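**Q** Protein chains in written order, with the numbering used here: chain A, 1 to 320; chain B, 1 to 320; chain C, 1 to 320; chain D, 1 to 320.
Read the hints as simulated data drawn from the structure, not as lab findings. Source: prediction; values computed, not measured. Don't take every hint at face value.
Said to hold, decoys possible - DSS-like cross-link-like pairs, simulated, lysine-lysine; straight-line CA separation at most 30 Å: (1) A/Lys48 <-> C/Lys90; (2) B/Lys50 <-> A/Lys204; (3) B/Lys50 <-> B/Lys90; (4) C/Lys48 <-> A/Lys50; (5) A/Lys204 <-> D/Lys48; (6) B/Lys48 <-> B/Lys74; (7) D/Lys48 <-> D/Lys90; (8) A/Lys50 <-> B/Lys204.
As the list claims (entries may be wrong) - Derived list of chain A stretches under chain D, where covered just means 3 residues or more per stretch with a C-beta under 8 Å from a C-beta of chain D: (9) 130–136; (10) 253–260.
We treat Cβ as the ideally placed atom computed from N, Cα and C, and that holds for glycine.
Number of protein chains: 4
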Amino acid sequence: MSGIAIMTSGGDAAGMNPAIKAAVDHARQLGMNPYVVYDGLEGLIDGKIKEATRELTNDMIYRGGTLLRSSRSKRFFDYEFRKQAYEHLKKRNIDKLIIMGGDGSFRALNDFFNDFEVPFAGIPATIDNDIAGTDYCLGVDTAQNVILDCIDSVRDTARSHHRAFVIETMGRDCGYLAMTTALCSAADICIVPEIPYDLESIYKRLQPVINEEGSCIIAVVAEGTRVAQYLTRWLTERAGMDTRLTVLGHVQRGGSPTARDRLMGTRFATRAVEALNNGDINQIMVYHDGQYGYASLDSVAGQQYSVNQDIINLCRELSC
Amino acid sequence: MSGIAIMTSGGDAAGMNPAIKAAVDHARQLGMNPYVVYDGLEGLIDGKIKEATRELTNDMIYRGGTLLRSSRSKRFFDYEFRKQAYEHLKKRNIDKLIIMGGDGSFRALNDFFNDFEVPFAGIPATIDNDIAGTDYCLGVDTAQNVILDCIDSVRDTARSHHRAFVIETMGRDCGYLAMTTALCSAADICIVPEIPYDLESIYKRLQPVINEEGSCIIAVVAEGTRVAQYLTRWLTERAGMDTRLTVLGHVQRGGSPTARDRLMGTRFATRAVEALNNGDINQIMVYHDGQYGYASLDSVAGQQYSVNQDIINLCRELSC
Amino acid sequence: MSGIAIMTSGGDAAGMNPAIKAAVDHARQLGMNPYVVYDGLEGLIDGKIKEATRELTNDMIYRGGTLLRSSRSKRFFDYEFRKQAYEHLKKRNIDKLIIMGGDGSFRALNDFFNDFEVPFAGIPATIDNDIAGTDYCLGVDTAQNVILDCIDSVRDTARSHHRAFVIETMGRDCGYLAMTTALCSAADICIVPEIPYDLESIYKRLQPVINEEGSCIIAVVAEGTRVAQYLTRWLTERAGMDTRLTVLGHVQRGGSPTARDRLMGTRFATRAVEALNNGDINQIMVYHDGQYGYASLDSVAGQQYSVNQDIINLCRELSC
Amino acid sequence: MSGIAIMTSGGDAAGMNPAIKAAVDHARQLGMNPYVVYDGLEGLIDGKIKEATRELTNDMIYRGGTLLRSSRSKRFFDYEFRKQAYEHLKKRNIDKLIIMGGDGSFRALNDFFNDFEVPFAGIPATIDNDIAGTDYCLGVDTAQNVILDCIDSVRDTARSHHRAFVIETMGRDCGYLAMTTALCSAADICIVPEIPYDLESIYKRLQPVINEEGSCIIAVVAEGTRVAQYLTRWLTERAGMDTRLTVLGHVQRGGSPTARDRLMGTRFATRAVEALNNGDINQIMVYHDGQYGYASLDSVAGQQYSVNQDIINLCRELSC
């Protein structure tokens, strides 16, 4: 019987666990032998591979992070270690791989295919939502809702004291999380890498709010802009408001996956199993214009992701 | 200055409040005078119309239900009452309307337009997600997440006692909520109007689960099938499991809107204001194949909504 | 080395898992050999006993229900089955037991002690909070917060439609859950076994609310009163309000334990291990007047529990 | 008719809003005229006083922070400003005050009484739980649950990557929040002002955990110790684990109040109104050894608060 192994790689994201479960269940239904690899590509090298039992996937549907654990692997760039990984698979008759993560992880398995002809399917999973070719990556919806809960909490306090709060969200090169949560929380300011900002024009726009009794100011800032601390001082000094900074950090990654992340995870994973079963090899699962589909590695990894223009336009008003 | 009035109609749905806020804010930006109508079409007849102040919309972004309240109106079918409604608008120079609700509400405003030429824009809002022409209606994502939280809770108890639970979700003619939450919660059984079910084959499929130590069975059933009570007895008698029924009821409607409902609400409402501002009258805002667009009343109200075929296929395995 | 076995019995309650973890950890620290029994007294009879590994208790701190599962056992009343249970313990050198549940479970282990001299410690755990001698039973705080979330959700909908809602909470003979959540949610009506109610005087009190625009009525009713359906009809007919009934059911039991249930569980369990270690046998852990202590079985099981009089007085205003 | 004014002061805390509502409602029932003061003592000086309408308190039961807003006032130390405040009260016939906050706020109203004989009642409200004479201050339970949610989220990520996380909670001189949430979340390390810590012995204790596959380390640190950054580096270098720091910040203050904070708020406020009605003036409401009672200002403000010794003992194991 043909074996299929499922693994997670790179930063963890809510929705990975439901996707693992769906992949295991669907593989079994199609008559494959499902395995899991612990610790991502590092674990593949070290042979941390187990048969996927029902017990293993029992509670996965509602657990955050990844129960298979994850890693970033330098060793996998080295042919010797890839060879070692291949031996572990061969021994168990595993001839198909599913990997969840970002484009670096997909590339790694593509190199692996070029060496040993083990085909793979890739599932985009990163809370930054910055993978080209797909409108959605696993983990984004959960992260957005966690951030919103935090902003709603902070707003209670901000209102109680007529204060300003600067909230720093994750997002190195991509302001998707910051933009969407700024819109969702009716924030007053949003600063992201995609949009130039103008503090003086922000000041003019917000002056009525600053002077209004019982008001507060909420600014959402993407980590990658590195302006959170500066903006905090600026709001204190220029706008004259008592201002606090909250860096959300890793709280954003975790938590029980939302309905959307569970459903997307289930559907991506089911399709990944089917792709491999039908001989559609080395494809990345994507969700684009409301449709599920496959994309080639090149179309995903060779492109710059750009946020939907409408979202950028809506946020532009919050940057000036 | 041109006035625009915003109202909610029919069953309430999370996401209505963020949409009201976005409509009011955007109308003001475009130089219109924003008003709100309380109690839907009933309130329109009775002149429950107020200028929309900043204070009114302050906290709307995170509040469930609709702060404008809603109703179903029989009087509005009567020309005399529609005339009365029109007088209230005319007196305030309101010459545009935005309504959130289902196709009945859109039709009502279409009749109103035929009488008095007050154009409208419609925003689909119903947790049943059963409006043709749009893939998404406001309130669905929040409802899904509330249902999931309930099923996750019930599963804790089900596991603790090796029990079966039947969960009845809302959904009269449409099993969308039941199907998606069954998939999201890894339910064992799903019974909806769209899919014929076969209890004996369900029994055969689940026999290993029933006999497994520490297992439980979760069945999600759409209200419209009216089989919740029957299934509860059947599971007790035929499957021999201690089985309980939970009817979720109106808990599903409420709660603070999720990120998705806030964002969709904001975008539908912004576009509704723009449509009216650009002279695109009597359009329904839709989200289809990942794109926002407009649809005519006929294409929305004259059609039978059908759930995405992939979702039906995935659920078919849970119905037999 | 002396063995100690931990089990859960009767209805499941949030807080059981954190208590199991704390008991296992503390027993190990004190040099005992910790075991767990699956499926309560039924499992004890059938020898479903395992050594408690670190892996087993790893995630228990945030899981709802009981991962050891629970049961109600008729067989345990029979000496032959108790003997069988004893053999399972003897074989493993287990000479101490910790049981979480209600007074029936404590009694059962007391009988067991009379037969075989295996001492036990009892931890009160039931969402009804109806065990005499202790002000708090595990699971209550989580249940209260789950109920509150539901009522807050329902209130959104109630306000949106000027409706009344009747919410039935768990509680057979004891209205504690209904009373506390009625107070916490600013309900308008509360009907419990402990307080006589007078619908006509309720009607008079609520008349201004009924007539007020944008108001709603929330009634919280304990299951044991069996008046939920009647009250729903009465509110519809006498008060003339569109009224809906929501039976919360088993949703109330589950969910991740709150801080209070985790902390109480940890402290009850730590003390239970210490009691047995110090030779204080067959004691029930209690929390009374802000102090942790022990109570004898007779003082717990032979007494009628009564709700704090202040709470009853505050609720009296909601019953007339 | 006698007037009573309610205000909030110092840092905001969940539970303030439900307490305001209960005070207003109960005052009205006892025939007093309820008022609210906005912006604490600053607002009292500036006459920001309104009659408390039903509409004002409608949604207070589930709102976080304080809808009356709060402040710290230097001006109130000055007799002239106190006199000005008194004139505002006199004009409205307000002869009783209820204040929620910490001991500084209680002292301020005591000085005010010495000047103008306006009696007050104090309700302890601070998430630090550091007011002597009472076992509970409003806001603590909500803060604990918010912190727990964050730690549960972070643990998902920590497990997924075999990482350590340092979580800094609020608490300047008092480690109550850090200690209780460390226990509730099964943290591995807890560092608070009350307990000396020993990193080398922590290292020895945790070595097996560090080496265990799939493990993670969670450290909870009170803000007041100022060791969060140092501990993060130490865990990275000495323990060799990839370690991240999360400073929870103001997220901890907010959020919808839990059942416990709503119930305690309701009961403190009801009793505060009764105290003033019965002529028990200038009392602080306390909850001690499971009983509600009054304490004099001196017994509250002149004493050092100390955390329950049992909690300290349980945490001592996490500090070495």
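**Q** Now tell me if each hint is right for this structure.
**A** Hint check results:
Only pairs whose Cα atoms come within 30 Å are accepted, and A/Lys48 paired with C/Lys90 is rejected, the gap being roughly 39 Å. Restraint check: the Cα-Cα separation between B/Lys50 and A/Lys204 comes to about 29 Å, which is no more than 30 Å; the hinted pair holds. Our distance criterion of 30 Å between C-alpha atoms is met by B/Lys50 and B/Lys90, whose separation comes to about 14 Å. The hinted pair formed by C/Lys48 and A/Lys50 meets the criterion: a straight-line CA distance of about 26 Å does not exceed 30 Å.
Taken as a hint, the A/Lys204 and D/Lys48 pair is honoured in the structure, with Cα atoms around 27 Å apart against an allowance of 30 Å. Straight-line distance between C-alpha atoms of B/Lys48 and B/Lys74 comes to about 17 Å, which keeps the hinted pair within the 30 Å bound. Restraint check: the Cα-Cα separation between D/Lys48 and D/Lys90 comes to about 14 Å, which is no more than 30 Å; the hinted pair holds. Restraint check: the Cα-Cα separation between A/Lys50 and B/Lys204 comes to about 29 Å, which is no more than 30 Å; the hinted pair holds.
A stretch counts as covered by a chain when three or more of its residues have a beta carbon under 8 Å from one of that chain; for the segment 130–136 of chain A and chain D the count is 0, and the coverage is violated. Check result for the segment 253–260 of chain A against chain D: holds, 3 residues qualifying (beta carbon to beta carbon below 8 Å, three or more required).
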